[in-house]
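Could you build the full structure based on these sequences and the hints that come with them?
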Amino acid sequence: MVLQRFVRGLLFLSFSLLILIPNAPLKAAGGIAVPSQEWSFSGVFGTFDRGELQRGFQVYKEVCAGCHSLNYISFRNLADLGFNDEEIKVIAKEYEVEDGPNNDGEMFTRSAIPSDTWPAPYPNDNAARSGNNGALPPDLSLMVDARVGGADYLYALLSGYHDAPEGQEVADGMYYNAYYPGHQIAMPSPLSDDGVEYSDGTAATINQQARDVSAFLAWATEPNMEQRKRMGVMVLIFLTAMTGLFYVSKRKIWADVH
Amino acid sequence: MSEPKFNNSLIRWIDHRLPIFTFMHHEMHEYPTPKNLNYWWNFGSLAGIVLVIMIMSGIVLAMHYTAHVDHAFQSVERIMRDVNYGWLVRYIHANGASFFFIVVYIHIFRGLYYGSYKAPRELLWMLGVVILILMMATAFMGYVLPWGQMSFWGATVITNLFSAIPLVGESIVTLLWGGFSVDNPTLNRFYALHYLLPFVIVGVVVLHIVALHRFGSNNPLGIDVRGNQDTISFHPYYTVKDAFGLGVFLILLSAVVFFLPNSMGHPDNYIPANPMVTPAHIVPEWYFLPFYAILRAIPDKLFGVLAMFAAIGVLFILPWLDRSPVRSATFRPIYKVMFWVFLFDCVALTWLGAKPAEGIYVILSRLFTAYYFFHFLILLPALSIFETPRSLPKSIGKPVLGGGGAAMAAAPAAPRERS
Numbered sequence: 001m002v003l004q005r006f007v008r009g010l011l012f013l014s015f016s017l018l019i020l021i022p023n024a025p026l027k028a029a030g031g032i033a034v035p036s037q038e039w040s041f042s043g044v045f046g047t048f049d050r051g052e053l054q055r056g057f058q059v060y061k062e063v064c065a066g067c068h069s070l071n072y073i074s075f076r077n078l079a080d081l082g083f084n085d086e087e088i089k090v091i092a093k094e095y096e097v098e099d100g101p102n103n104d105g106e107m108f109t110r111s112a113i114p115s116d117t118w119p120a121p122y123p124n125d126n127a128a129r130s131g132n133n134g135a136l137p138p139d140l141s142l143m144v145d146a147r148v149g150g151a152d153y154l155y156a157l158l159s160g161y162h163d164a165p166e167g168q169e170v171a172d173g174m175y176y177n178a179y180y181p182g183h184q185i186a187m188p189s190p191l192s193d194d195g196v197e198y199s200d201g202t203a204a205t206i207n208q209q210a211r212d213v214s215a216f217l218a219w220a221t222e223p224n225m226e227q228r229k230r231m232g233v234m235v236l237i238f239l240t241a242m243t244g245l246f247y248v249s250k251r252k253i254w255a256d257v258h
Numbered sequence: 001m002s003e004p005k006f007n008n009s010l011i012r013w014i015d016h017r018l019p020i021f022t023f024m025h026h027e028m029h030e031y032p033t034p035k036n037l038n039y040w041w042n043f044g045s046l047a048g049i050v051l052v053i054m055i056m057s058g059i060v061l062a063m064h065y066t067a068h069v070d071h072a073f074q075s076v077e078r079i080m081r082d083v084n085y086g087w088l089v090r091y092i093h094a095n096g097a098s099f100f101f102i103v104v105y106i107h108i109f110r111g112l113y114y115g116s117y118k119a120p121r122e123l124l125w126m127l128g129v130v131i132l133i134l135m136m137a138t139a140f141m142g143y144v145l146p147w148g149q150m151s152f153w154g155a156t157v158i159t160n161l162f163s164a165i166p167l168v169g170e171s172i173v174t175l176l177w178g179g180f181s182v183d184n185p186t187l188n189r190f191y192a193l194h195y196l197l198p199f200v201i202v203g204v205v206v207l208h209i210v211a212l213h214r215f216g217s218n219n220p221l222g223i224d225v226r227g228n229q230d231t232i233s234f235h236p237y238y239t240v241k242d243a244f245g246l247g248v249f250l251i252l253l254s255a256v257v258f259f260l261p262n263s264m265g266h267p268d269n270y271i272p273a274n275p276m277v278t279p280a281h282i283v284p285e286w287y288f289l290p291f292y293a294i295l296r297a298i299p300d301k302l303f304g305v306l307a308m309f310a311a312i313g314v315l316f317i318l319p320w321l322d323r324s325p326v327r328s329a330t331f332r333p334i335y336k337v338m339f340w341v342f343l344f345d346c347v348a349l350t351w352l353g354a355k356p357a358e359g360i361y362v363i364l365s366r367l368f369t370a371y372y373f374f375h376f377l378i379l380l381p382a383l384s385i386f387e388t389p390r391s392l393p394k395s396i397g398k399p400v401l402g403g404g405g406a407a408m409a410a411a412p413a414a415p416r417e418r419s
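First to last, the protein sequences are chains A and B.
For the first sequence, position 216 matches number 216 in the numbering used here, and the numbering has no gaps at all.
For the second sequence, position 387 matches number 387 in the numbering used here, and the numbering has no gaps at all.
Wrong hints could be hidden among the right ones.
Said to hold, decoys possible - Covered stretches of chain B (in silico footprint by chain A; criterion: 3 or more residues with CB under 8 Å from a CB of chain A, positions within the stretch not fixed):
1. 77-83
2. 239-251
3. 261-268
Hint data in this document are derived by calculation from the structure and do not stem from the laboratory.
Nothing here was measured: the structure is a model prediction, and the numbers come from that model.
No residue lacks a Cβ here, since even glycine has one placed at the ideal position from N, Cα and C.
In structure tokens form, the structure reads like this:
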């Protein structure tokens, strides 16, 4: 039965490959390897680092929000980042949103309140394209789940602006990026050293900002992640105990069969 | 088979007029089951439980979902973020679909290995193939509902396949779309059908179980049950065994739901559908990949579509392709090896379905597709003639000693008596 053992080995190998391939997000779109980073939120017990999220929020607010919407996040969600109700109200007040119609049938603007979603920088996609040389800045609410490589990819992209290597043509209005599929991206390098001033004293290097905003977008993609993992640990403990009881019962009940 | 005695007088009163308790006692408690079933036999009842999990989580999702191209994506995100435990229900439903196919594929390969499709269980097997087809239709339409990029483009590619049918193809596609492109009417009808089909599946599952209980389960030896010494009652023996299997299954499902919830999905489906932007690679869900590989292996569109449907259709006539009187591969030395080769072929096709249709992958897809049909259409009929099976044990109860007596061995494979 050498043949059979060989076939089984082959089968086992191919199954393992099938399982391993999707779990190796090292190759993003375009086949470019993305280096993996250490994140506080990865792993079974991973949680978000509130300081990192608040810094990332500041980068989004002061840099990204100029072009990119964050449609699925409301001001009230900022409570997850460690802001209290008063702080959230103050942040919301900085923004004007359109509301209405009022009793006269007129639309009006008012200060934002915590239940409002984050105001988009452009009224529609055409306005966004028109303001960005024809390119559409995507909504950032789901970026980490919507890109192969997730937060690793976002970090690599934001810190991956270099001069184009010899022989690489870069079209007009495009910028060279080491990690963007095709290496030509319409977004100019958004981050610069000390482009923001962190209130906690962290040095605002490009890499630091890229890291913080990637973590912030990981939170924005899945604000319930901590709850999910916490519950998962408890569910697995419960199920393991339950399955153990079933196994013991099975052994006992079947003891007289064989 | 004895009449069950119920102690509760109300139950006796009801059962006398509506013998539902007697029915349940016979079919779920007393139901004689071969005592040598191994853990591969867990996957049938497990599939039934997963179906219930899918329907329950699906109904909750339907309460919050909006079937409109302008709101579908947003409503799913609303479920993920603002509905209490909506993320949990959606992750259970999305990953549950993948696990449903894992369970059902194992169930099918168990049937292939132990010859469970052979007489007198041909209709049982064919009903199972009907369930598989209904599951595929349901899963495909369910994947369209979030209205992400893969939803939209998957729907476009798959519905376009029907245009290959001569004469009526274009009309069928228009009917599926409810218009002239994948749009809001498509989403609406897919949602209606996605809600309907699971209940059709429940109906066919009932028939599947009725057919199963006619002759009872096949078993690893593949020989008929000779009498009471070969069987044990379903409860408590197999209920507790199935409960243990369910526990292991739930651990695996939970591990994915809670810690890798998006590992079996495609990142592009977190991008809202955009008819103006085609994704670089349109890949169906993993459970369709072997059939997708077969589709792409054939250069002609019509014959590609035919081959893809034939790959499932051939399962319907399997009981008549494999004429070997021996069921279990344990006693079929050549088939046993060819079973593993065939399983490898299916895994290879799954892998190839995820690869771009270019270069070496096309050649490999064609080879493995050819082998897929060779296995069913040539190898199995030929093996029925040329293979010499090993000698079968006399009975399940005493497989080694070969006891049981001449009278028992000569007993015909009668359907189990009903009382």
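>> Tell me whether the statement that chain A covers the segment 261-268 of chain B is true, taking a Cβ distance below 8 Å and needing three residues at minimum.
In response: holds (count 6)
> Against chain A, does the segment 77-83 of chain B show at least 3 residues with beta-carbon separation below 8 Å?
Replying inline: It holds: at least three residues are needed, and the segment 77-83 of chain B offers 3 whose Cβ sits within less than 8 Å of chain A.
>> Is the coverage entry for the segment 239-251 of chain B by chain A consistent with the three-residue Cβ rule at 8 Å?
In response: holds (count 9)
Violated hints: none; the structure is consistent with every hint.
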